[in-house]
Structure formats: C-alpha cells, structure tokens
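Generate the whole structure from the sequences, applying the supplied hints.
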Amino acid sequence: MPKRKTILGESGSIAFLLGNEAIARGAIEHGIGVAAAYPGTPSSEIIESLASVASDLGIYVEWSVNEKTAFELAYAAAMSGVPSLTAMKHVGLNVAADPLMTSAYTGVKAGFIIVTADDPYMHSSQNEQDNRWTGLHAYIPVLEPANPQEAKDLTYLGLEYSEKLGHPIILRSVTRVSHARGLVRLGPLRPPRTVGSFPREPQKWAVVPAHARKMKIDVLRRWREIEDVFAEFPYNKIDDSNSNILIVASGIGYLYAKDALKIVGVKAKILKVSTPVPLPRKLVEKAVNGIEKILVVEETDPVVEMQLKSILFDLHIDVEVHGADYLGRRGELTIDRVAEAIAKIAGVSWSPPKPIEVPINVPPRKPILCPGCPHRATFYALIMAARELGVDPIYSGDIGCYSLGIDPPFNAQDTITNMGGSIGLANGFSHTVKNRPVVAILGDSTFFHAGLPPLLNAVYNRAPMLVLVLDNETTAMTGFQPHPGTGLTAMGGKGRKILIEEVAKAMGADYVDVFDPYDVRRAIESIKTGLKAAMDGGVAVLVARRVCSLLATRLGLARDRYFIDSNRCVGCSVCTNILACPAIVIGEGNKPRIIESLCSGCGVCAQICPFQAIAKRG
Amino acid sequence: MPIPSNSKERVKIEVVFTGVGGQGIITMGTILGVACSKIGLNIITAETHGMSQRMGMVDFFVRIGDVEAPLVPQASADIVVSLEMIEALRSVRHLKRCGWLLVADIYIPPPYIENVPSRKDIVNVLERLPINSILINVEEIVEKLNDSRVVNMAMLGAFMAIEDVSKIIPVTLVEDVVEERLGPINREAFGMGYKQAVKKIKEGDFISRCAKTNV
Ligand code: SF4
Ligand code: SF4
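Here the protein sequences come in this chain order: U and B.
Sequential numbering from 1 applies to the first sequence in the working numbering.
Sequential numbering from 1001 applies to the second sequence in the working numbering.
Honestly, the hints are just simulated from the structure, not real lab data.
You may find that some hints are simply not true.
What the hints assert, rightly or not - Reference excerpt, derived from the structure (chain B facing chain U, CB under 8 Å, subset only): (1) Gly-1024; (2) Gly-1029; (3) Ile-1039; (4) Met-1055; (5) Asp-1059; (6) Gly-1065; (7) Ala-1069; (8) Gln-1074; (9) Ala-1075; (10) Leu-1089; (11) Arg-1128; (12) Val-1142; (13) Gly-1183; (14) Gly-1191; (15) Lys-1195.
As the list claims (entries may be wrong) - Using 20 Å as the maximum straight-line C-alpha spacing, the simulated SDA-like pairs for lysine to any residue come out as follows: (16) Lys-262/U x Lys-1012/B; (17) Lys-258/U x Ser-1076/B; (18) Lys-354/U x Arg-1090/B.
Just so you know, even glycine gets a beta-carbon here, dropped at the ideal spot from N, CA and C.
Written out as structure tokens, the structure is:
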C-alpha cells in the first residue's frame, strides 16, 4: 500500500485511514518537528507512518530503545519550542511514568502530545489499564477520539491546545480507534517547525524542591483553567432530544451509544465527551438540566462516571447515575452491550439476536511460532539441554513472539509480566529458589528496552542465571521495527549497530556465547555450558541469533524446501510432537508430511529426525 | 467534498471477513475502503492485530453506510466471507439468519489439535444451517493464475457478486482499485471470483436452507 502518498494527501481530499495513520496526519497538519516512540500494539503505526514521510518533510522521527527515552526526547523538543509527539501502548506509558509526572510541573513551550493506545480486552497486552487515570493522576488533560476522523482532528487540536496552555496533553486511543479504518477528511499541512532554542532558565525547567513547590501551585491553577477551556472544546457537544434520559459518552462510547439507541428504538439526550479528563463542570451543568437518569458509556474504567458523580454531588443535583454497574468495567464495549444497558435504563425490553448454532465442535486456532521460527529451534535446544543435564529450570519469560513458548510442546515460560521482567524476576528467583537454575528468556529489542539495568544488577550483585537472548534481528511482534542491534534507524538511515554480546561482556557477564539456533547440536551444547556456568554461581549470557523467518521470507532469503521420505520415516513423531513445526502435519498412515508451501527451509527438522527421513528438496 | 451522511441514509451493510493470519484479509477491507472513499460512502472497519498474525484466526469487521461504531454486533452480519473452511464454521456466529456465507475451498487444519472436522464434515454442517452458503473454488483460480497470494482478491470478487453490495459499490470501481493497488494478476483473480459467484447464484448452485432468499 502506498502509505506515504496517503499520509501526505491533499487538503480537502478524503482518505481511507487507519486510526493511527490519522493520528500521524493530524500531527503533520499541525507541523510537528519531532516524534519518538517504542513500538507496541496497538500504537506502532503512528511512528511508522511518520517515519515514512520524515525525509519528505524534514522532520526527525525515531524508534527509541524504550518509552521513557522516547518520551524524554519528545519532551525536550517541546521544551525547546519544537512541537512533538510521543506514542506508546498503554503499558508503555508506565515505563515513561517518571518524566510524565514531572512534565505537568514544568509545562512545555511548543505543543507536546503523548499518545497512549489502550488495549481493552487485551488483544495483545498483559493488562487492561485505562490510562485516563494517568492523566487524572498526573494533572495532564486527556483527549479521547471516537473514530479515525476525530483521531486526526484531536491530535491536531491537542497540539494547538498544548501549545496555548503551555502544558502537555495526552491523547487516549483504544484498539478500535487505533486499528479502525474510516474515511478522513484531510486538512491543510503547515510547514513543520524543526528548530528550537533553549535559553538558560533553570527556575522553569529544573525541578529542585524549591522550584517544584512553586510549580505545583502553578499546576493547580492551570488545572482549573484547563477545565474551563475544555467546557468550550469544539468536539464536546450535546445532542439534544426530548428525553429525561441523558447518556454521557466518552470517546468511542459515543459511537456505540448512537448505534445502540437506534437498535433499541429509544430517545435520549447525549453529552458527547471528548475531554474525559478533567471533565468540565460547566458542560455537565448544562447537560443535566431537566434530566432524571444518566447512563455513562465509556471504555474500560468509570473515569468519567466518578468525576461526574463528584460534580453532581458538589452541585447538589440528585439524579440516578448508572455506568459501570450496567456496562461492566472490563473488555471492549459492543453495540449489544450498550444496547442492553440503554434498554435497562429506559425500562424497555430488548435482547441481542442469538447466533446460529453450529452442531459441530469447531477447533480453536491459537497463534503459534511460525514455520522455521528461530525461536522454536532455540526452545527445542533449551529443552534438550535441560534434559541432557537432568535439570528443571525456572523459565522467566518476557514480552514478544517468544511468549508463545508458554504453549506445548515447550511449556517453557513460567512467568511473563512486563518488558525486561525476565531478567528482573530472575534476579529475585536466583536468591530465593536454590534447587533450580533460572533461565531468563527475552528478545533482542526487549534486551535493549529494559534488559540492561537488571542484567547489570545481576552481574554486580551476583545473581546466578542464564540469560538467553532470542535475537531475531528485528522487533517481530509489532511489525519488524529496527532497534540498536539492527544498525538501522526508523527513517531508513544507517545507525550504529550494537552487538548484544559486546554489551554483555562489557557489563562483566561471566560467560558469553553466540550461536545459530538452526545449528541444533551446537545450540544444545552452548546452552548446556551456559546452564552449568549459572549453576556454578555465574551470570551467563547467550545470544541465539538468526533472522525472523517471516522477515527472511519477505526479504526473499528463505529459499530451501524440505520433504519427508516416507520410506525412511518410522512415524516416531519427534518432528511433530517435540519440534512441532506447523509446516509438518500428520498425513495418511499416521506418517508426517511437510506442507512445502509453508516450509521456510530452516532445516531444523532434518537435523532432529532420528531416522534421517527428512531432506532438502532438489 | 464533505463526507455525506444523509444522502445514503438508508444504506447499511455489515460484513465480516475471516480467515487465518497471513491470508491478506486486511487488504480486502482496505480495497473496499478506498473504493467507498471515491464515492463518498461511509465505511468503518475494525481489525485484530498482534498475535493473530502468527497463524491465528483473524476477524475483520466492515460496516458500510448509516453506521457509527466499528464492531459488527453478534448475529447481525449480512454477509460473511471466509478465506478458510474451518474459520467459516467459527464465523457463523456473526451471521444473521438467512445471511450469506461465502467460503473459499481452502482448508488449513490448525496443527496439533485432534478431531478437526474434515472438508466433508464442514459442507455437511453448512447444509443444515439456516443460511445461504456458496463454496468458491479458489484453488482452481490459484492454479490458473499460478499465484497463491490472490485468494483474498478472488474472494473479494465473489463478495461483490452479492447484489446488495454491487448496487451501492460499483464492481468496476473496486476492480480498478484492485489493479491500481495490487496489479493486473489480482484484478484477474478478482474478476474470476466475481464471475464464478455470479454464475453460482444465477444457477442456484449454492446451499440454502433459507425460505426467503433474496439475492
Ligand atoms: S522425526 Fe523423522 S522418523 Fe520421526 S516421524 Fe518425523 S520424519 Fe518420521
Ligand atoms: S525445514 Fe522443517 S522445521 Fe524448518 S520450516 Fe521446513 S518443515 Fe519446518
């Protein structure tokens, strides 16, 4: 798809854009000069889109090693008068929480927008946190778009307001906005502002206690000002209808409410909220006039509902308020879910249509490690190495494709909590669990993101462990973004390539080795040596290096195809049950067969077949 | 040009595209979206990203016309297009009674799972459901064009054979977008899928356990 052309489309034209592309477009229309992020679903396409047009516009865009670094880069740009954007998934904002909290105190000179792409229902995440709380916590206002058009418009306006108020602004998207596609009317492009200045002014930017105390007073004053400014925010509106029921709908909740009202056939007044934090008092006052019952529709937590109840209490307005009690506070909203709540509050009977029943068991289809995935080969070698040494390690896992090693046949992820948590938790286990070695398993991008401090800690404080870095030379999980190990930059330039093994050596790891997971015997031996080093009280770092098989296929590197010689195969099922490559399926006579169109030619199955029944074609 | 919201007020079509990660399902929605943008017809789609790309299941929701929210409510889709036979069974839950199910004859059993229904089981089950289902011989198209990556466009062509769709989105418009974005082979696959489906509908060569079949 010609993304570049679409993102730079002409003013006034209508483009079919992904929500995240629309966010990128909004930032470009404002004229941002800098953008930085760490990839994470569902946020990644924002920076991808910006990076694809960065050279056309002469702006600076980067994939940073983690969200905190990205945040700080964009924050500094805005301090120096260059409007900027940083983007991350919801849990990424936790990583950036430290500078985030302080950015409200110092404020900014140019527009600074912080995009958080929340993931209700956890399609691709470890928790469901609603980052509108973070805005409330940090004194940073939150804008919440409902669809791709608003994603663009609110990004643009967010930057404008941020600059006018001298304050950072959070744009909270959710999966169904970031990954929805819709028609977007494009606006004019302003030339980017890329050069700033930074006169010495420590009382404004240095938060030593004496300065910070003054700043806090200012933050509180600004917060009240922001509430009033937001009461007039153009995307907040009251859809009037002759009804004593009011629906207060934040972000995407507005769309569900509109469709659901039609389906149930109920009339209600709607207060559309695009500024859930802080919820403007004046707007609420206007909307509740003559209302008897209120339903708050918002995705995930009752952030608006709680503020609304508090405002109503202060105003001595006594109306019935429902929200999380009718809609629940987990998972995504659906039209049906909202329709049921509307029916309930309106006192009409309605239930969603029942699906047609299928009188057969439909098998589940879970994501799996791809054919030829180097991680599969590494997991195989890991399991074999542990077996050959007769040990049962604790597998301290991390965030990435290799999380799939949790499933059979490997069952080799005992914990998965957060980026870098593999080495972080291993630091704890190695001091408390004496009878099992600890193996921390993480990817290359994750290593650079959050693996460095806990590794340094392990070496320094003597926490014996084997750190296994599954280096597939890309950030595969989120769509092949580069990182310091790849030697590439977001804008397609050449970066300085950083080798994981060199970093580990410099940090003082006791044993460091690199192997190719496609060389099975060598991989097993290397892991055995690493495990022994860990059991002897050392910190071993192994790098299993081989490019992601999906990427290899895309780059045309995967050319070989393998087949199984049915005369030699005895049906021992080592290839299907212990390696479990999805390109190998059981055919007639219970013997395995390779689906050659799926095979990426890694040759691992040929090495592990005890009967030499698998060979390269041609 | 403003996005019209009133002129096409009565139109509402809800569609689910489904299949296995890597089959190019999102591209189908993108082609439709670009076509709709050219005639100013409202369209909103929602897709599942992330883990599902690792050979997991993919659902892609498309809502056209007088709609606001991105997700198709349960048992409300007018049409489901499945690029894989087992996923066709799973996706029946999206379909309303007497809706249309278009299924590619591509069969990808999920690995290491027992009791996976066979092709024949699937066809047998479809015959018993209160829906209209058309099996499209995509394998034949793939073979003729000697390209396994055209399954998605062949099925998009088949989808355009449903009259409720082609009367609001011109087939030739979509065809042009396909060629512009993906090249002539894909245009050919699209045309072949379209023609095959039109023929099957005209000749009654589809499974229907539905009293009112209005094509
Ligand atoms: S490992 Fe070799 S002998 Fe065993 S089932 Fe697979 S191909 Fe046949
Ligand atoms: S060579 Fe063997 S293990 Fe590798 S992708 Fe092909 S079938 Fe799978």
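Taking the hints in turn, this is what the structure says about them:
Nearest Cβ of chain U to the Cβ of Gly-1024/B: about 11 Å, over the 8 Å cut. The hint is violated. Given the 8 Å rule on beta carbons, the hint for Gly-1029/B holds: about 7 Å separates it from the nearest Cβ of chain U. A distance limit of 8 Å between C-beta atoms decides the matter here; for Ile-1039/B the minimum to chain U is near 10 Å, and the interface restraint is violated. Restraint check, Met-1055/B versus chain U: the minimum CB separation of about 5 Å is within 8 Å; hint holds.
The beta carbon of Asp-1059/B comes no nearer than 11 Å to any beta carbon in chain U, farther than 8 Å, and the hint placing it at the interface is violated. Annotation: Gly-1065/B was flagged as interfacial toward chain U, and the flag is violated, the nearest CB pair being 12 Å apart, outside 8 Å. A least Cβ separation of about 4 Å between Ala-1069/B and chain U falls short of the 8 Å threshold, and the interface hint therefore holds. At about 6 Å, the closest approach between the beta carbon of Gln-1074/B and any beta carbon in chain U falls short of 8 Å, and the interface hint on this residue holds.
Look at Ala-1075/B: its Cβ gets to within about 4 Å of chain U, closer than 8 Å, so that hint holds up. Annotation: Leu-1089/B was flagged as interfacial toward chain U, and the flag holds, the nearest CB pair being 5 Å apart, inside 8 Å. At a threshold of 8 Å, the smallest CB-CB gap from Arg-1128/B to chain U is about 7 Å, leaving the interface hint in force. Taken as an interface hint, Val-1142/B does not check out: its beta carbon lies about 10 Å from the nearest beta carbon of chain U, beyond 8 Å.
Because the smallest distance between the Cβ of Gly-1183/B and any Cβ of chain U comes to about 13 Å, over 8 Å, the interface hint for this residue is violated. For Gly-1191/B, the interface hint is violated, since its Cβ never comes within 8 Å of a Cβ in chain U; the closest pair sits about 21 Å apart. The interface hint given for Lys-1195/B is violated, since its Cβ lies 26 Å from the closest Cβ of chain U, which is over the 8 Å cut-off. At roughly 13 Å between alpha-carbon atoms, Lys-262/U and Lys-1012/B fall within 20 Å of each other, so this suggested pair holds.
Annotation: proposed proximity of Lys-258/U to Ser-1076/B holds, straight-line Cα distance about 17 Å (limit 20 Å). With a CA separation close to 15 Å, the supplied pair Lys-354/U and Arg-1090/B stays within the 20 Å bound.
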